[in-house]
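Asks: Okay, here's what each chain looks like letter by letter:
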Amino acid sequence: MKAATFDYAVAKTVAEASALLASSGAAAAIAGGQSLLPMLNLRVALPDLLVDIGRLHELKEIAATSSTIRIGALTTHAAIEDGKLPEAFGGLMQKVAAKISYRAVRNHGTIGGSVALADPASDWSGCLLALGARVRISGLKGTRAQPIGEFVLGQYSTSLADDEIILGFDVPRPDAALRWGFSKVVRKSGAFADSIAFAVARGRGGPACVVLAAAADRPCLLPKVAERIQAGNGSEDAMRAAIAHDVAEHLPQDDAYLLRLHTSTVLRAVRELHAR
Amino acid sequence: MKSLTLELNGGTVTHEVEPRETLADFLRERCRLTATHLGCEHGACGACTVAVDGQATRSCLRLAVMCDGRSVQTLEGLEGDPTMEVLRRHFHQSHAVQCGFCTPGMLMMARDILLRMPRPNAETVREQLSGQICRCTGYSGIVTAIVAAAQELGGPAGQTT
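Chains as they are written, first to last, in our numbering: chain U, 1 to 276; chain S, 1 to 161.
Keep in mind that the hints were calculated from the coordinates and are not lab data. We put the beta carbon where it would ideally sit given N, CA and C, even for glycine. Be a bit skeptical, because a hint or two may be false.
Computed list of lysine to any residue pairs in SDA-like fashion (alpha-carbon distance at most 20 Å, straight line) [stated by the list, open to error]: (1) U:Lys60 x U:Ser24; (2) S:Lys2 x U:Phe6; (3) U:Lys224 x U:Asp237; (4) U:Lys99 x S:Ile133; (5) U:Lys84 x S:Ile133.
Derived list of chain S stretches under chain U, where covered just means 3 residues or more per stretch with a C-beta under 8 Å from a C-beta of chain U [as the list claims (entries may be wrong)]: (6) 9-18; (7) 53-67; (8) 84-93; (9) 137-148.
Between beta-carbon pairs, the in silico distance windows are [as the list claims (entries may be wrong)]: (10) S:Gln93 x U:Ser264: 27 to 35 Å; (11) U:His57 x S:Arg89: 53 to 61 Å; (12) U:Ala145 x S:Pro82: 44 to 52 Å.
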């Protein structure tokens, strides 16, 4: 037994979860616990109350409308890997899910937990940013929604208030076949990423979005690279120049290795998109 | 202390537990089921892998209280399990065991792989086992054993994943 002592309560409703979280100065919500348990075991996280939100049915909703895919916060990486979403965005989300940590972790780790933690090296905040997702949030004052790019504020920092939890995500359905590329550099499969790149475009000449994660304190957009994809012409040298320009904007310091690393992941993602 | 009732290896057990107790500690200390080994206690090594509601789970990354009402299977509960029996024999034949510390986790994960994938090849097995750490064998014997067990248990030849 390694964790320090804490109290534990299972929330039976979303409202009760918020009330419990607000009842203590150092309460923390736990869903799958796959990031929180290591932090508890290492005593990096020291909550006095854990509020288990893992049994809230509202957070398990997976639904599709003509314009949106709703993904409940408690959807596990393994469920996405196994194709349980009604729309997997051309297979992008399945591919991303399958590369997160290890299967035993994916069986319990949730998409909501991953985004709420806001680890800069996490996959989902970057992927959902590339897909234009909105975060649905519930707290004592009611529910609200926010674009994920505004929700994630920095390293382990989000706009969640103490009493708020993520209900899930609304991801717009692509109006044309989604072309995408995804590249990730890890020291060993399942380890934390050194660099992650997502490139998506709706059809040919449609809006494109390119995201680099695990580089700065939160996933960042690469607008010049996206413009080049949308324009659909130009040499690879021009693409490399656009990548180098955008990546340099977000690197904390001038580091030749990091610039080369992130340039490669973005270039691989762009090449994969072009091949689709 | 919280009261916890779960199904463990086919029987029902009830214990009082501290909220901070992991499932691994619960299994080893309260239930005296010591096949589940604890290596790193932060999800990196895979030695403590068990099944919760049939899904491979790191028991060091699960609080025991979170398993209230769930079904937990450990290696002890899989004696006579058809997949595990074949795996055990191939682990023996391929010398997939050296010091044995990682073996329970390896067997639990190997069974999970074979239940999800009919005939995995060596490359798939290596990828799927990347969360299980063995510091003795170099993995060759382990991968050989799992592939051989898959061939014995799996569907028609030629069908690989």
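Asks: For each hint, tell me whether it holds in the structure or not.
Replies: Structure-based check of all given hints:
no. : hint                           : verdict
1   : U:Lys60 x U:Ser24              : violated (26 Å)
2   : S:Lys2 x U:Phe6                : holds (12 Å)
3   : U:Lys224 x U:Asp237            : holds (14 Å)
4   : U:Lys99 x S:Ile133             : holds (18 Å)
5   : U:Lys84 x S:Ile133             : violated (29 Å)
6   : 9-18                           : violated (count 1)
7   : 53-67                          : holds (count 10)
8   : 84-93                          : violated (count 0)
9   : 137-148                        : violated (count 0)
10  : S:Gln93 x U:Ser264: 27 to 35 Å : violated (43 Å)
11  : U:His57 x S:Arg89: 53 to 61 Å  : violated (43 Å)
12  : U:Ala145 x S:Pro82: 44 to 52 Å : holds (49 Å)
Hints 1, 5, 6, 8, 9, 10 and 11, counting from the list given before, are not met by this structure.
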